[in-house]
Amino acid sequence: MTSLSRRAFVTAATASLLAGCGPRPHPAASAAPSAGPPTPGRAPAGAVRALARSVPVRLAIPAIGVDTPVLRLGLAADGSVQVPPVTDHDRAGWYRHSPTPGQVGPSVILGHVTVGAYGDGVFRHLDRLRRGDGIAVRLENGASAGFTVTTVRTVAKAHFPTEAVYGDVDRPELRLITCGGPRTGGGYPDNVIVFAALSGRTS
Amino acid sequence: MRSTVLSATALACAAVLAATVPAFAGGRTASPSPVPTSTTVPSTRPSQAPSAAPTRAASPVPSTAPGRRRGQVAVVPSGAPDTGVVPASRASGPDGGLIGGSAAGALAVGGAAFLVVRRRRATGA
Chain A
1 MTSLSRRAFV
11 TAATASLLAG
21 CGPRPHPAAS
31 AAPSAGPPTP
41 GRAPAGAVRA
51 LARSVPVRLA
61 IPAIGVDTPV
71 LRLGLAADGS
81 VQVPPVTDHD
91 RAGWYRHSPT
101 PGQVGPSVIL
111 GHVTVGAYGD
121 GVFRHLDRLR
131 RGDGIAVRLE
141 NGASAGFTVT
151 TVRTVAKAHF
161 PTEAVYGDVD
171 RPELRLITCG
181 GPRTGGGYPD
191 NVIVFAALSG
201 RTS
Chain B
1 MRSTVLSATA
11 LACAAVLAAT
21 VPAFAGGRTA
31 SPSPVPTSTT
41 VPSTRPSQAP
51 SAAPTRAASP
61 VPSTAPGRRR
71 GQVAVVPSGA
81 PDTGVVPASR
91 ASGPDGGLIG
101 GSAAGALAVG
111 GAAFLVVRRR
121 RATGA
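Respectively, the protein sequence lines represent chains A and B.
Numbering-wise (the UniProt record's numbering), the first sequence opens with residue 1 and increments by one.
Numbering-wise (the UniProt record's numbering), the second sequence opens with residue 1 and increments by one.
Think of the hints as simulated: they come from the structure by calculation, not from any bench.
Please note that the accuracy of each hint is not assured.
For the chain B half of the interface with chain A, some residues (derived, Cβ under 8 Å), not all of them [said to hold, decoys possible]:
| # | residue |
| --- | --- |
| 1 | GLY71 |
| 2 | VAL73 |
| 3 | ALA74 |
| 4 | VAL75 |
| 5 | VAL76 |
| 6 | PRO77 |
| 7 | PRO81 |
| 8 | ASP82 |
| 9 | GLY84 |
| 10 | VAL86 |
Cβ coordinates follow ideal geometry from the N, Cα and C atoms, glycine included.
Same shape as in the complex, but just chain A (with noise of 0.2 Å):
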């Protein structure tokens, strides 16, 4: 064998190592297919599957100490959301034209931070909730539905964040409200909003 031949088979080799190199890709994009798995391994953690409709007979948030029974509240004759009555024992009231809690959608519930002469209101210490403080509701049908809280707000009665509070969501979601900011003669200018996600469910 001359040198040339040599070379020429040298040239044969690497240009048939080079082309076997051509179908490597496809075994790369399968890993990319196998990249997936995390996205539908996130999907579970972030998303509890969502209650069937039962009306709330109860709520606790054991951070700021509140244990108690749930009303159902509608519309006043001015279009507003209903309160809960001033009352000794003040209650939280559900507001029935959202959905009940662990519905997809947000379920909102109110509650006074203070009732006039009788002292505090059941939600008088709402602002003091912080992100990932649990709450809990339990349900008519014996369900409890578990939320997370996400976000709490304190906004200008003037500025309320209607869509924030009352807008579509994807997944079941939990609203308080009470009053808030410097207290004045005429009342409270503020709403305290805390924003919470379903984090738990039992049956």
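With the hints as your guide, set chain B onto chain A.
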């Protein structure tokens, strides 16, 4: 000499063709190797499809589709909720007036009683 060069070149070309043609044809004829990967594709598909599809389809689709028309909150209230009735300490105006009025009444009754007793004594009872 020249013939060996030519033959070597021909061999190289043949080798390149032999290597590349099956490589491109690999999508079909060498299907044994891609087919397993295509069988792994279904295996990843099921794991994605059942988990992502039902949860996505179950929650947003039925809820937001009708929700766009009616909304998840059937009737959206107007304005901000009034969930703070000013405490008694602030509302002490009326209460203070009540206390003051009753105190004045008690004083008047006491004064009248004093006058009655004094008059009775003066009349020589």
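Hint check results:
Evaluation of the B/GLY71 hint against chain A yields a held restraint, the C-beta minimum of about 6 Å falling below 8 Å. The beta carbon of B/VAL73 comes within 4 Å of a beta carbon in chain A, closer than 8 Å, and the hint placing it at the interface holds. Proximity of B/ALA74 to chain A holds as hinted, the smallest CB-CB distance being about 4 Å (cut-off 8 Å). For B/VAL75, the interface hint holds, the least distance from its beta-carbon to any beta-carbon of chain A being 4 Å, beneath 8 Å.
Taken as an interface hint, B/VAL76 checks out: its beta carbon lies about 5 Å from the nearest beta carbon of chain A, inside 8 Å. Satisfaction of the interface hint for B/PRO77 is found here, the shortest Cβ-Cβ separation to chain A being roughly 4 Å, below the 8 Å cut-off. The criterion of a C-beta within 8 Å of any C-beta in chain A is met by B/PRO81, whose closest approach is roughly 5 Å, and the hint holds. The beta carbon of B/ASP82 is positioned within 8 Å of a beta carbon in chain A (closest approach about 6 Å), and the interface hint is therefore held.
Among the interface hints, the one on B/GLY84 holds; its C-beta lies about 3 Å from the nearest C-beta in chain A, closer than the 8 Å criterion. For B/VAL86, the shortest C-beta to C-beta distance to chain A is roughly 6 Å, which falls under 8 Å, so the interface hint holds.
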